[in-house]
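Chain order of the listed sequences is E and L.
According to the numbering used here, the stretch in the first sequence is residues -6 to 304, in order.
According to the numbering used here, the stretch in the second sequence is residues -6 to 304, in order.
Mixed in with the good hints, there may be bad ones.
Identical copies look the same in the list; a pair holds intra-copy or inter-copy alike.
[To be verified] Each computed SDA-like pair below joins lysine to any residue, with the alpha-carbon atoms no more than 20 Å apart: (1) Lys236 x Ala161; (2) Lys271 x Ile288; (3) Lys66 x Lys236; (4) Lys52 x Tyr304; (5) Lys66 x Ile239; (6) Lys52 x Asp69; (7) Lys38 x Lys100; (8) Lys202 x Thr276; (9) Lys236 x Pro215; (10) Lys236 x Ala246.
Rather than coming from a laboratory, the hints here were simulated on the basis of the structure.
2 protein chains.
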Amino acid sequence: MSIKKVVVAGGGVLGSQIALQTAYCGFDVTIWLRSEGSIERAQPKLERFKNIYVDTLEKMKTDASAYCRGLSKKADLSSEELDALKEQAQNAYDSLKLTTSYEEAAKDADLIIEAISENPEQKIAFYQELAKHMEDKTILVTNSSTLLPSMFAEYTGRPEKYLSLHFANTIWANNTAEVMGHPGTEQKYYDEVVKFAEDINMIPLKLKKEQPGYILNSLLVPFLNAGQALLANDVADHETIDKTWILATGSPAGPFHILDIVGLETAYNIVIMNPESKDPETTPGKIAKMLKEKIDAGETGINAGKGFYEY
Amino acid sequence: MSIKKVVVAGGGVLGSQIALQTAYCGFDVTIWLRSEGSIERAQPKLERFKNIYVDTLEKMKTDASAYCRGLSKKADLSSEELDALKEQAQNAYDSLKLTTSYEEAAKDADLIIEAISENPEQKIAFYQELAKHMEDKTILVTNSSTLLPSMFAEYTGRPEKYLSLHFANTIWANNTAEVMGHPGTEQKYYDEVVKFAEDINMIPLKLKKEQPGYILNSLLVPFLNAGQALLANDVADHETIDKTWILATGSPAGPFHILDIVGLETAYNIVIMNPESKDPETTPGKIAKMLKEKIDAGETGINAGKGFYEY
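So here's chain E without its partners, still in its complex pose:
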């Protein structure tokens, strides 16, 4: 089969980016949203991202460091080619269809990308309703970061055509897409999704089996925990810990700079999933306390202008 019509369900930060990126790469894109209110909230996001695409492409004319692989697999582009891509971004934005109708969204859809909130009950209700309208050919993927496709496969009416396609924020620049099936996913649909990811300028990162946290968070969470444990136990200050990692590995950032990017609320939500975090004498308990104090002070990371560092 060949994927032509793509539906993105959800108009949040990631949903908007996925929809625009997919349209930019030539697909017919419909965004499904829960309500007229959701449509109103999605529109300014879509416009903002479209403007980022256009501005970045303009900048690429004179500044090689502005290059984003999500905008073009080819790095060295002429001014004319960049103007054509700017037009392509505008046309993609203009072409987006927004609807609250399951029926309209699902009609003739080759691929539906679910990017609604990380709430299992809402996802189940969405899949159950969607299943009534999807055509037999439709492949369904979830962008969920924290939930596993095996939790939902039975509600989709098409477990063999259901899997995860997990994007990173600012997908035009951070253009990785982790592809992960559940035990019932059929290989041919997995392969179709890998090809689709490539077709929308993503770098597919293939998981061979289901894994909570995919690859990236499976590496990042223990690494960030280790850094936080050193600080919470007062072994060293956060600048020293970051400096150690940067000097030893040549990485551009240590754990505390990464935590500021991720956001301290997210880090806090991860640590409190550990039952030990309730005991203030344990390392998870000390980490939770440390993060809570910073969150209460409004120091939640880069977006707040201050986290472990000031920005």
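Chain E is fixed; fit chain L onto it per the hints.
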């Protein structure tokens, strides 16, 4: 006090580098070795490292990327300055005194850097004998990677003047030095060691308390374990895991490239310290099996020409 005479005990890879680097930075350096045989084995290492210093300094005349901060805190050096440093390296090498005598080594020593093998019994015997000869003023540090200074403080006869100063391999390039006391270390001697580290062109990384693995290995071991767990559980192949980390964090290397640098024997020795590694059904057991197979095949990392990657 002012540190003038420095003794390095041990002529292994790190001991040789520490001795040469310390002499290069203007200190009076004596290397203590256990036997005449050890002296014979140390000499070619010292010569090899001296040649690396001279060659690197020569290369720095025409290639800015050859710059190593251990060789000069200042990066932009004239050809004349570099020639002077080459002479300084040769003079440092010529100035090194090698002895098997505790008495000769300890006489008037301001600082003794213990870099003998990672064997607690050998370290205790060494400290006990050394304690008979050290003058009151002498500060004693250990370069141990895996053992804690509190394990040995009582044998040194000077717990308040005893702490860890932990170097990285290829110290002229990887010029970090983790400084870590035990609960009985006095702050003023800690500070003296920090200053000494700076004086030999190291970047001191200060730990406020004792921590197994210091800062770097406290971050690196959980990170490498997480990567190995993904591979041993067949979640993804090693190239995909490395690629994910590199793309997401901008780091130059992922866990498997780092494992090849560290060496698979070291990784194996770390994993088998975990009792779970004896059970092949557990993740540590699977990691141990995976590493053992590669080690048995001679694929132990970069030094062997092959580890997870070919070199």
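Here's how the hints hold up against the structure:
In the homo-oligomer, the alpha carbons of Lys236 and Ala161 lie at most 20 Å apart only across protomers (14 Å), although the nearest pairing inside one protomer, at 26 Å, exceeds that limit. Proximity of Lys271 to Ile288 under the C-alpha cut-off of 20 Å is restricted to the intra-copy arrangement: shortest distance 17 Å within a copy versus 42 Å between copies. In this assembly of identical chains, the alpha carbons of Lys66 and Lys236 lie at most 20 Å apart only when taken from different copies (17 Å versus 34 Å within one copy). Taking the shortest Cα distances, Lys52 and Tyr304 never come within 20 Å of each other, neither inside one copy (23 Å) nor across copies (38 Å).
In this assembly of identical chains, Lys66 and Ile239 lie within 20 Å of each other by CA distance solely across copies; the values are 18 Å between and 29 Å within a copy. With identical chains, the CA atoms of Lys52 and Asp69 are at most 20 Å apart within one copy only, with a shortest distance of 13 Å there and 32 Å across copies. For the identical chains of this complex, Lys38 and Lys100 are neighbours neither inside a copy (25 Å) nor across copies (73 Å), given an alpha-carbon limit of 20 Å. Taking the shortest Cα distances, Lys202 and Thr276 sit within 20 Å of each other only across copies (15 Å), while inside one copy they are farther apart (31 Å).
With identical chains, the CA atoms of Lys236 and Pro215 are at most 20 Å apart both within one copy (18 Å) and between copies (18 Å). Within a single copy, Lys236 and Ala246 get their C-alpha atoms as close as 8 Å, and across copies as close as 17 Å, so both meet the 20 Å cut-off.
The structure does not agree with the numbered hints 4, 7 stated previously, though it agrees with the rest.
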